[in-house]
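One letter stands for each residue in the lines below.
Number of protein chains: 2
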Amino acid sequence: METSQQQKIYNFSAGPCILPQEVLKQAQDEMMNWHGSGVSVMEMSHRSKEFISIAEQAEKDFRELLNVPKNYQVFFFQGGASMQFSAIPYNILGDKTKVNYITTGSWSEQAQKEAKKLAQTVEAWQDHASKFTTVPNPETWNIDKECAYFHYCDNETIHGVEFNDFPFEKVEGMTLVSDMSSNIGTRPIDWEKYGVVYAGAQKNLGPAGVCIVVVREDLIGKQRPDTPILFDWKVFRDAPTKFHNTPACYPIYVTGLNLAHMKSQGLQHYQDLANKRASALYDYIDASEGYYTNPVEPKYRSRTNIPFRVKKDEKLETKFLAEAQKVGLIELKGHRSVGGCRASCYNAMPFEGVEALIEFMKKFREENP
Amino acid sequence: METSQQQKIYNFSAGPCILPQEVLKQAQDEMMNWHGSGVSVMEMSHRSKEFISIAEQAEKDFRELLNVPKNYQVFFFQGGASMQFSAIPYNILGDKTKVNYITTGSWSEQAQKEAKKLAQTVEAWQDHASKFTTVPNPETWNIDKECAYFHYCDNETIHGVEFNDFPFEKVEGMTLVSDMSSNIGTRPIDWEKYGVVYAGAQKNLGPAGVCIVVVREDLIGKQRPDTPILFDWKVFRDAPTKFHNTPACYPIYVTGLNLAHMKSQGLQHYQDLANKRASALYDYIDASEGYYTNPVEPKYRSRTNIPFRVKKDEKLETKFLAEAQKVGLIELKGHRSVGGCRASCYNAMPFEGVEALIEFMKKFREENP
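So the sequences go chain by chain: D and S.
Numbering of the first sequence is given in the working numbering, commencing with residue 1258 and proceeding in unit increments.
Numbering of the second sequence is given in the working numbering, commencing with residue 1258 and proceeding in unit increments.
A couple of the hints might just be wrong.
[To be verified] Cross-link-like lysine-lysine pairs, in silico, DSS-like; alpha carbons within 25 Å at most:
hint : chain 1 : residue 1 : chain 2 : residue 2
1    : S       : 1572      : D       : 1373
2    : S       : 1370      : S       : 1355
3    : S       : 1374      : D       : 1499
4    : S       : 1491      : D       : 1374
5    : S       : 1265      : D       : 1479
6    : S       : 1572      : D       : 1306
7    : S       : 1370      : D       : 1374
8    : S       : 1374      : D       : 1373
9    : D       : 1374      : S       : 1327
10   : D       : 1373      : S       : 1576
11   : D       : 1491      : S       : 1373
12   : D       : 1306      : D       : 1317
13   : D       : 1374      : S       : 1355
14   : D       : 1353      : S       : 1353
15   : S       : 1576      : D       : 1306
16   : S       : 1373      : D       : 1576
17   : D       : 1491      : S       : 1370
18   : D       : 1373      : S       : 1491
19   : S       : 1572      : D       : 1265
20   : D       : 1499      : D       : 1479
21   : S       : 1374      : D       : 1353
22   : D       : 1317      : D       : 1520
23   : S       : 1282      : D       : 1374
24   : D       : 1355      : S       : 1353
25   : D       : 1427      : D       : 1556
26   : S       : 1353      : D       : 1479
27   : D       : 1583      : S       : 1491
28   : S       : 1282      : D       : 1282
29   : S       : 1282      : S       : 1355
30   : D       : 1373      : S       : 1306
31   : S       : 1306      : D       : 1370
32   : S       : 1427      : D       : 1370
33   : S       : 1499      : D       : 1374
34   : S       : 1568      : D       : 1370
35   : D       : 1370      : S       : 1374
36   : S       : 1370      : S       : 1353
37   : D       : 1374      : D       : 1282
No lab work stands behind these hints, which were simulated from the structure alone.
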């Protein structure tokens, strides 16, 4: 990130990620004195009417942006999606003993690992052979309707595998649970298909420190007696403003500013933008005659996390990353577990960022044939 | 908090709380572009060298401010002290079945309630008769050295009861665990007496979203096999930069700014200030001939959370709180569970704030005899 202050920066971080300049500017303007209150949002009691108005507005904007039905609760929790990996079985295992997971990458694998601490996990499929580059034909999935729920990760941040046509009919009658951390806000959600949707805010919705958890009302209240208090959705639902204890107030506030900004643009804008960014980048990669490669089966390519190799050559990739950084294209390194490069293009990434990346990729290829 | 922008505000919130103006100003100045990086701290990957430098500096300043020995790990967790209520028994129960708790107010009561989900809790004493206005003679405590640890809350935020001379000799040989959320940074800590010290940052150290947990190295690695991943100190200790998953980056950054500020003042400054603020306020209350009252036995009165009644008259208290707010003395309402008033005076509260409060209390008494 050592670049001159004048240079335009495009931040392709997989999270925490880019936020709109307007949102950061508003946070900056309001830092010392929020709306004439004389105090910073960071200094407000979470029980004050000022902070309650901030949290309520953030929830309202989230609901409107994504059209969340009234019979779903929306929570702003701490601990990220990883905390929900544990909280989900504690809350909705009920009197069942088994849970159904499909593993299509690193995050769904970690989610399942947590569930194993409480229940028998039935694997719908595990793609060790393909190294997480596809989703198998749903006809071959091992679906066990005796399980308390079916869990999947809608978009795998590290492997760049996204469900673009989840086969809802296959899990009909089961409670469907989905981690949407890295693609929430990029398309509509058909809520009535889901029991629980959760998403760390720090990719598409706000800064780190908030995990938005949406739960269908009837699933609340089935928690195990030994459920740790921070996991207990019922305790939070029944607490004033749904905060049992002090939440991450400032991250909720900035998430709220960003949700208001997103609402003003509309969900369709973000969906179109996600498609446009991803198409441009995959088209360029696929036309590069193997210079750049993405290993994922086209149908399941992520629109937000685009891993790619440069001639499958680690030395060349190191050079690519260093030169990209010099021209303000930052955080393009792939996750340490898979290597290579990755362009994460979340909601706040303008199309110009992807254009600049493609221009750089072209130039780099010419200079390093 | 509806006050004019010109008016000086003194924020007596029990948390989240007042922060130094210098710290907020620095955060404001750096909001759009941290140290020439071209990005906001909120946009940085938690694995970037920039954010790692921020987190490492925050830990270094905390260690220096409080003189933390090398054989203790310092963590910046999410979930507040409430998450540690659960995490502590998961991590250090080991092969024991019992844990020893002393209940001196609402927070130690909640901590014990969480421990009961995993272990048999032995109560050292429970002051239901006194409604949490004292600490009993340690000679009468029920101490069970077969327990995995002894837990106490060093300062009860709601009831205003503080341990000012913890009887370490009584629990010798046991692992001592203390919640210091509401008085950390107000005096030195004799680390070698402790196994675990934890504190939500949002009172004395920074904004909400961070809980600082200090653990003696040898206590890490005894976690139960079913420990949820976010509770598992070993997983975090062994992760890069001690972050298994995305932490609350921005709250850690602001906590770091504040710790650097505190270090420049020195711990003695805060200890003297805490004593001076508390003495002035208790002296005034005690000299008010029963107009203002604090129910706590003088020896155990909190230096940071000072609950008081106004003629034990709820109507008069409502008037007191409304008039105080008008002159910029905000968040003086007592916790909903105990009522009355409460002045929380954390590290960033200048002595002038307490002087202004005492002046107001005098005037109010004159006008409402």
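Item to check | Those earlier numbered hints the structure runs against, lowest number first | outcome: Numbers 1, 5, 9, 10, 14, 16, 19, 23, 24, 26, 27, 29, 30, 31, 32, 34 and 37, in rising order.
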